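Given the structure of chain A, go ahead and fit chain B onto it with the hints provided.
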Amino acid sequence: MGMDYSLKGLPARGDCLIAASIADAITLIPMVASDSASHELCSLIYSGLIRYDKDLNIIGDLALSWEISQNGREIVFTLRDDVRWHDAVPFTADDVLFTYHSLIDPKTRTPYAGDFNKIESLQVINPYKIKVTYAQPFAPALSSWAMPIIPRHLLQNEDLSFAKFGRQPVGTGPYKFVRWVTGQQIVLKANDDYFGQRPYIDYYIYRVIPDPSTMFLELQAGGVDLMGLTPLQYNRQTQNVYFNRCFNKYSYPSHGYTYLGYNLRDNKFKDKKVRVALDMAVDKQSIIDGVLLGLGRICTGPFLPDSWAYNKGVMSRRRDIPGAKRLLAQAGWADTDGDGIIDKDGIKFQFCLLINQGNSLREYAAQMIQQQLKEVGVMMRIQSIEWGVLLGEFINKKRFEAVLMGWGLPPEPDCLDIWHSSRVREGEFNFISYKNEEVDRLLEQGRLVIDRASRAGIYQRIHSILYDEQPYMFLWIEDSLPIIHKRFKNIKSSPSGIRYNFTEWYVPSEEQKYGPRHKVLL
Amino acid sequence: MRHYLIRRIILTVPTIIGISLVSFVVIHLAPGNPVDSMTMLDPKVSFEAREKLMAQYGLDRPIYAQYMDWVRRIVFLDFGVSYRDGQKVIAKVAARAPVTLLINILSVLLILLIAIPIGAASAVRCGGLYDRFTTVIVFIGFAFPGFWLALLLMSLFGIRLGWLPVQGIVSLDFDTLTAVGKTVDVAMHLVLPVFVSCVGGIAGMSRYVRNNMLEILHKDYIKMARAKGIKERDVIYKHALGNAVLPIITILGLSVPGLIGGSVIFESVFGIPGMGRLFYESVMSRDYPVVMAVLVIGALLTLVGNLMADISYSVADPRVRYDK
Chain A
1 MGMDYSLKGL PARGDCLIAA SIADAITLIP MVASDSASHE LCSLIYSGLI
51 RYDKDLNIIG DLALSWEISQ NGREIVFTLR DDVRWHDAVP FTADDVLFTY
101 HSLIDPKTRT PYAGDFNKIE SLQVINPYKI KVTYAQPFAP ALSSWAMPII
151 PRHLLQNEDL SFAKFGRQPV GTGPYKFVRW VTGQQIVLKA NDDYFGQRPY
201 IDYYIYRVIP DPSTMFLELQ AGGVDLMGLT PLQYNRQTQN VYFNRCFNKY
251 SYPSHGYTYL GYNLRDNKFK DKKVRVALDM AVDKQSIIDG VLLGLGRICT
301 GPFLPDSWAY NKGVMSRRRD IPGAKRLLAQ AGWADTDGDG IIDKDGIKFQ
351 FCLLINQGNS LREYAAQMIQ QQLKEVGVMM RIQSIEWGVL LGEFINKKRF
401 EAVLMGWGLP PEPDCLDIWH SSRVREGEFN FISYKNEEVD RLLEQGRLVI
451 DRASRAGIYQ RIHSILYDEQ PYMFLWIEDS LPIIHKRFKN IKSSPSGIRY
501 NFTEWYVPSE EQKYGPRHKV LL
Chain B
1 MRHYLIRRII LTVPTIIGIS LVSFVVIHLA PGNPVDSMTM LDPKVSFEAR
51 EKLMAQYGLD RPIYAQYMDW VRRIVFLDFG VSYRDGQKVI AKVAARAPVT
101 LLINILSVLL ILLIAIPIGA ASAVRCGGLY DRFTTVIVFI GFAFPGFWLA
151 LLLMSLFGIR LGWLPVQGIV SLDFDTLTAV GKTVDVAMHL VLPVFVSCVG
201 GIAGMSRYVR NNMLEILHKD YIKMARAKGI KERDVIYKHA LGNAVLPIIT
251 ILGLSVPGLI GGSVIFESVF GIPGMGRLFY ESVMSRDYPV VMAVLVIGAL
301 LTLVGNLMAD ISYSVADPRV RYDK
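In order, the protein sequences belong to chains A and B. Each residue of the first sequence is one higher than the one before, counting from 1 in the working numbering. Each residue of the second sequence is one higher than the one before, counting from 1 in the working numbering.
None of the hints are false.
Stretch-level coverage of chain B by chain A, calculated; a stretch enters the list once three of its residues show a Cβ under 8 Å from a Cβ in chain A:
hint, segment
1, 150 to 159
2, 263 to 270
With a cut-off of at most 30 Å between alpha-carbon atoms, the simulated DSSO-like pairs for lysine-lysine come out as follows:
hint, chain 1, residue 1, chain 2, residue 2
3, B, K238, B, K228
4, B, K52, A, K164
5, A, K131, B, K52
No wet-lab data here; the hints were simulated from the structure. All values derive from a computational prediction rather than experimental measurement. Even for Gly, the Cβ is constructed at its ideal location relative to N, Cα and C.
In isolation and in its complexed conformation, chain A is listed as follows:
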């Protein structure tokens, strides 16, 4: 009779996805980990109470449902009662309580206690119902419960900062931990008892390859199924027959933007006209085309494009050299001595832009900005500094004139810590010392108001004020450029990227590469 060919290409369990990463994970205890490698793996091993769907809406994960009351001060979560930890112990509300206590415990070395310190009390009503009460309404509260929940029964007598658990974690997520070979690979296996849809792909191997060129060679050698490409690799080096036959490439806006931040305590940058003029002098699209090879979009503010907080009415300024010069002249800057550099009160307009070492995209962009600013008579020098030094000695201590950096764009738009005028102490995030009373008020309101539509109004207003005032020159949002082996099916790009439906990716059985015969994974 032969094979039933109608099954060809259908979803099937099996195979293994090998993802490459430059860095090894540090610890797989989610609240102690602060690096992206650890977080990526934790998201497969653990579950939070909520998660984001493909359109970045909040949906239940361990929580079946929730009710927000008391003007947003109280959230009652109803938890799933069919969840087991990877070691088969049932998950209950006690685990949530334990996770909360671990987060706020002064002994825990966690950087993420902030949102949870705002909780007044957390009550276990019954094993599958908890009530969280906040001292005052806190709009980002719900999204903070994406925090992975950790198992009480395994950790209650452990010091989280040193627990062995960090290298052999037990969670409730779609994948179970198998093994970790330091500096080489971390192996996960599909969780047959997962409360959601059991993943089709049996194994997930996280392979550590520290050198990007080597990683690209390993991709060609077939030892890697998924990696992030650089714009150059995406546009130029993966255009041949081999790559077209074996791989699919995806591109979607990454959740982060790059900006040029001014130190607003510096006299040169205090005048809004100057900042707007500098913005008009720099052609963002030419930078995106030159540096990102077109794989990015212009950024106009600190919110995720296409999200509810984003103000579609904010249009980026056209490059306008005469206009920029006019504005600078209005602010008192003109080239009086004919040396090509504008000056005011005998001081030339020159400043130093700090960038972090080793980020070549930012280096190239800085050079283009330098050239374009020269056309309006502004002299910018570039200095690249090692990351730790840049933060510790220059940013935190506010000893800089301008800096080229990036921020993430999380789905929750609250950015009070970055823009509020109170957040200017050493090590806080408003290191440019921005102060605008309306923005302060709006940011505070944004946390207190729960209703999505009213919040949208607040953040869209913030967006337009920030673009108008230019405390940062908002530059670009680059694209994420993953490349994935063609045998993986059902991968769909969305505003949240491609990972949101990872459990639904599959390899048709006739195309599976790693299986029992390959003995790779046993």
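Structure of chain B alone, referenced to chain A:
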């Protein structure tokens, strides 16, 4: 000899203290700190959380107090706990050291095996075609950037020909292999890294041997040997070569710390989780306990290497005696 040894060993104590003090101060005074590199400007990390972390690592205390704490622990050979992941530092070093050690020992052996004959032969044929040919080759070896050579070889043997694995030290299916299979697997993975790490060494070492050999071939006792009518082969291999390679002992002694230090570049390019990368990562994240451990172990090995070189000298060269 015994007096000399005892004196040398006693002298290492203040040396180690000095080295550790300087390293400690330098790494702590270097700008940046572990908490900054850990939290990476993450807006989710509150100001209070950073302060708390600083206090938990004891970084808010004066530097001399931190150093005294470190000394108090180190006396009991306790290198402390990594800031990054809470693992014991000594366990991290123990996990990374073997592969670096293996690659370096293999490459030192290979260097000696290849460089001494090349160097000796070109000295004997000094100015001849062979000498000029090896000189050119050697200088190419010197000038070739190691990481580039590595990438070229990976592309050739790993992808075009498919004979060797591209990177890493074991295959994905390593755990399922037999003992023989495992050995073969590791050996295959080591071919390129060992070769690449040899290239520069062979170049340097063969030049060194050549120059020593040339010097010795002009010595009176060689003329004397020739005058006595000893066969040229014996003159070269028995009388000259032995003396020409003697100073290599010093070089080997000095290369002992390199055995454990590893190389960031090779290890990164070949994806080898060795000491070089451990050190680099710990410096980048300001993981002070790990940095200190690697530096102190390195210093200790340097001293041991020097001492061993001196002792080997006195054994190998009858002209060297340490007691009057």
